[in-house]
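Put together the whole structure using the sequences plus the hints.
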Amino acid sequence: MHWYKNHGVHSVIVGDDNYGEGSSREYAAMESRYRNVSVVLAKDLVRIHARNRKNHGILALTLVHPADYDKIREKDRISVLDLKDLAPGRHVTIELTHEDGSKERFVAQHSYNEKQLTWFRAGSALNAVTKG
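First residue of the sequence shown: 1224, per the numbering used here; consecutive thereafter.
If you're looking for bench data, these hints aren't it; they were derived computationally from the structure. None of the values given here were measured: they were computed from a predicted structure. Just to be clear, a hint being listed does not mean it is correct.
List time: in silico DSS-like cross-link candidates among lysine-lysine, alpha-carbon distance up to 27 Å [what the hints assert, rightly or not]: (1) 1326 to 1338; (2) 1338 to 1307; (3) 1228 to 1298; (4) 1266 to 1326; (5) 1354 to 1338; (6) 1294 to 1326; (7) 1307 to 1228; (8) 1298 to 1266; (9) 1326 to 1298; (10) 1354 to 1326; (11) 1266 to 1338; (12) 1266 to 1354; (13) 1294 to 1338; (14) 1228 to 1326; (15) 1266 to 1294; (16) 1354 to 1294; (17) 1354 to 1298; (18) 1326 to 1307.
Pair by pair, the computed Cβ-Cβ distance ranges are [said to hold, decoys possible]: (19) 1233 to 1353: 15 to 25 Å; (20) 1350 to 1293: 30 to 40 Å; (21) 1226 to 1311: 16 to 26 Å; (22) 1298 to 1338: 18 to 28 Å; (23) 1244 to 1324: 31 to 41 Å; (24) 1229 to 1288: 27 to 37 Å; (25) 1350 to 1325: 32 to 42 Å.
Virtual Cβ for every residue (Gly too), placed ideally from N, Cα, C.
Okay, here's the thing in C-alpha cells:
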C-alpha cells in the first residue's frame, strides 16, 4: 500500500460480504483516503461504513451480481469505467485486466446522490465545502 501512495497510484479495496463490519468508524475511511484508495468494491457494504467512505471522497461500489466477486484475482488491475458519466442511479463498468493480459467486465452500483457525487469529485465532503 505504501508503494501506491508514494508513487501517486490510486488503488481499489476489494471486499466480500458485509464489508466494513466492525470498522464503521471514520478512521477506516480516513486511512484509506490517506493511502490513495479511490474505490471500495464489495459484495455489500455496511451502511455506516459506506457513508464514511462517501464523506471522504471514496467511491463505494457493490456488485450487481455477487458471483462476479469470484472473477477477481489477486494480481488484477481493476479499472472503473464510466466515471465521466457517473450519476445517481447509474451503474459503472468494472474492467479486470488479469496478469495474463486477458480482460473481463462486469457491472457495479453505487448509492450516491448528486451532492455525494460532488464530494467524490472534490476528494471529500470537506473539500467540497471549502471549494464551494
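Taking the hints in turn, this is what the structure says about them:
1. This hinted pair does not check out: residue 1326 and residue 1338 have alpha carbons roughly 33 Å apart, beyond 27 Å.
2. Using a Cα cut-off of 27 Å, the hinted pair residue 1338 and residue 1307 holds, with the two alpha carbons roughly 16 Å apart.
3. Restraint check: the Cα-Cα separation between residue 1228 and residue 1298 comes to about 18 Å, which is no more than 27 Å; the hinted pair holds.
4. Only pairs whose Cα atoms come within 27 Å are accepted, and residue 1266 paired with residue 1326 is accepted, the gap being roughly 20 Å.
5. For the hint pairing residue 1354 with residue 1338, the CA-to-CA distance comes to about 14 Å; that is within 27 Å, so the pair holds.
6. For a cut-off of 27 Å, the pair hint linking residue 1294 to residue 1326 stands: about 10 Å separates their Cα positions.
7. Proximity of residue 1307 to residue 1228 is assessed by CA-CA distance (about 24 Å); at most 27 Å being required, the pair is judged to hold.
8. Restraint check for residue 1298 and residue 1266: the C-alpha separation of about 19 Å stays at or below 27 Å, so the hint holds.
9. For the hint pairing residue 1326 with residue 1298, the CA-to-CA distance comes to about 13 Å; that is within 27 Å, so the pair holds.
10. For the suggested pair residue 1354 and residue 1326, the alpha carbons sit about 38 Å apart, so the restraint of at most 27 Å is broken.
11. In summary, the hint linking residue 1266 to residue 1338 is supported, as the alpha carbons are separated by about 24 Å, within the 27 Å threshold.
12. Between residue 1266 and residue 1354, the direct Cα distance comes to roughly 33 Å. Violation of the 27 Å bound is thereby established for this hinted pair.
13. With a C-alpha separation of about 32 Å, the suggested pairing of residue 1294 with residue 1338 is violated against the 27 Å cut-off.
14. Taken as a hint, the residue 1228 and residue 1326 pair is honoured in the structure, with Cα atoms around 25 Å apart against an allowance of 27 Å.
15. A C-alpha spacing of about 12 Å is found between residue 1266 and residue 1294, which places the hinted pair at or below 27 Å, so the restraint holds.
16. This hinted pair does not check out: residue 1354 and residue 1294 have alpha carbons roughly 39 Å apart, beyond 27 Å.
17. Between residue 1354 and residue 1298 the alpha-carbon distance is near 37 Å, which puts this suggested pair outside the 27 Å criterion.
18. With a C-alpha separation of about 21 Å, the suggested pairing of residue 1326 with residue 1307 holds against the 27 Å cut-off.
19. For residue 1233 and residue 1353, the hinted distance range of 15 to 25 Å is satisfied, since their beta carbons lie about 22 Å from each other.
20. A hinted range of 30 to 40 Å holds for the C-beta pair residue 1350 and residue 1293, which are about 36 Å apart.
21. Between residue 1226 and residue 1311 the beta carbon distance is about 34 Å. The supplied range of 16 to 26 Å is therefore violated.
22. At roughly 36 Å, the beta carbons of residue 1298 and residue 1338 sit outside the given window of 18 to 28 Å.
23. For the hinted restraint 31 to 41 Å between residue 1244 and residue 1324, the CB-CB distance of approximately 35 Å keeps it satisfied.
24. Against the hinted window of 27 to 37 Å, the Cβ-Cβ separation of residue 1229 and residue 1288 comes to about 35 Å, which satisfies the hint.
25. One distance hint, 32 to 42 Å for the beta-carbon pair residue 1350 and residue 1325, holds here, with the actual separation near 37 Å.
Taken one by one, the earlier hints fail for this structure at numbers 1, 10, 12, 13, 16, 17, 21, 22, listed in ascending order.
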